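Student: Each chain is listed here by its residues.
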Amino acid sequence: MFWIVAIFTLGSALLMVMNKNIFHSALYMVLTFIGVAGVYVMLNADFMAAVQILVYAGAIAIFLVFGIMLTQRGNMKQTNLFSAHVAVAGLVSLAMIVINGFMVLNTNWPVSTAEPPSNTVSLIADLMLTKYVVPFEVAAILLLVALLGAVIIAKEVKKTS
Amino acid sequence: MQIFIDLANWLRAWILGMGISTTATELILTAVWTLVVILFVLINLIVLVWIERKSSAFMQQRRGPNRLGPAGFLQFPVDIVKVLGKEDITPAAADKFIYKIASTCAFVTAIVAIAVIPFGPGMVLENLNIGIFYFIAIGSTATLSLLMAGIASNNKYSFIGGMRTVAQMISYEIPMVFSLLGVVMLAGSLNLTDIVASQKNMWFIVPQCIAFIIYFISTVAETNRGPFDLAEGEQELVAGYFVEYGGIRWAIFMIAEYGNLVAVCAIATIMFLGGWNAPFGLTFLPPFLWFMLKVYCMIFLFMWVKWTYPRIRIDHLMHFGWKFLIPVSLANIVVTGIGIYVYRMITG
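Residue numbers (this note's numbering), protein chains in the order written: chain A, 1 to 161; chain B, 162 to 509.
Heads up, none of these hints are tricks.
Chain A stretches covered by chain B per the calculated footprint, using a threshold of three residues with CB under 8 Å from any CB of chain B: (1) 19-29; (2) 48-54; (3) 112-124.
Selected chain B positions facing chain A (Cβ under 7 Å, derived; list incomplete): (4) N290; (5) I291; (6) F294; (7) Y295; (8) S301; (9) T302; (10) T304; (11) L308; (12) V327; (13) W483; (14) K484; (15) I487.
These are calculated hints, taken from the structure and not from any lab test. On a predicted model such as this, the values are computed, not experimentally measured, just so you know. Here a beta-carbon is modelled for each residue, glycine too, at the ideal position from N, C-alpha and C.
Based on the provided sequences and hints, a complete structural model is requested.
Tutor: Here it is in structure tokens:
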């Protein structure tokens, strides 16, 4: 099962990069996000999977596609061309793969034999409101301010027009 | 409604009796239930289209369908057969693959959202801990398939329709989620079965009536129904994002639309109208029937609003969503939080 999800995720990621039509690339990116959500589900992290789908496959992908729609060109087949700097890109990615692989192989991963918790939401909530309360509140206030800012901007437009 | 659960248990025993392993049995049962849900949506579609056409005709002093079957009830099944026989046309300029899968994607998101809805005690396909959150997450991806249809048709009108759909759906998703948050705060759970169970004594529409109104308005916009059906405004955009679609692909879009309608009405019933709990202790009807009755009342409310109000303008729509619904829904959350705190202080 893991291999199916992994091949699905990596395959759609590869297609996203290789595709020449940027709209298709964006849709393959959604498939990649759904694949990552599948990995979360297999790790028994259903809340994380739902967040992944809501935030990435839902919100971010739509903003991307919206951006693509606003900047649409006549010939969609040439919107996501390959970069000319193949050698440099190859070198940088090779370096990243080597560094990451080295770090993954040399980290002492903790292995737990405990049963995964069935109800992750309340555990996450407990952690967020005790140990990580400050970052959680900061993020919450930031988002609230952004939302109110959007409302204020919308109100401002009405007055001047 | 014990009969469905008995049926499931009987089916499980029967398949196990044929010497198939437990995992395979569960897989087969899940497949069967998924099929049942799809059939439920399709049968519902026939009834809903009939109610919609009849009630709109009544409101506009027309007769509506009246030729086939009793009161024209068989008109839509016959229409389905007609649609199945039509030629499958793909525009030459369209983005063919995306154009073809867009309608199916819309259908899939509509069906998948129904998976977590409990139709009665224990009658749920997947009793997820995060039920309502899952529903919101799936709902957020539904926008994408409409956008795919709009952009892949390569047509000005469907393009504008797609743009409008997205702008409308992402704006109204925020008040919808916020209005549901008040209920989640009161129930203290994201599980839909638990939320229904916590409404045994009082439906959440009583303490959360503002949230219910916000939810109703924003779901009318989310499902692209009138008076917020700007995405398919017939007069200016012909039909919006599915203007190029014909035959069965168009029909699948219609199925998805009604599937979404059933899903949001079921969620409204669960979150605000007490789910399958009978009102005033009138338990002579089984819980499943109570649930369906409430869902149909909600659906009728949707149709009533659609056929009696004129379509509003796109800028008014956006202003209303951002300047009125979002602040009110935020205020509702604050008041709910204070209310819960005060209630706890009083009751100790």
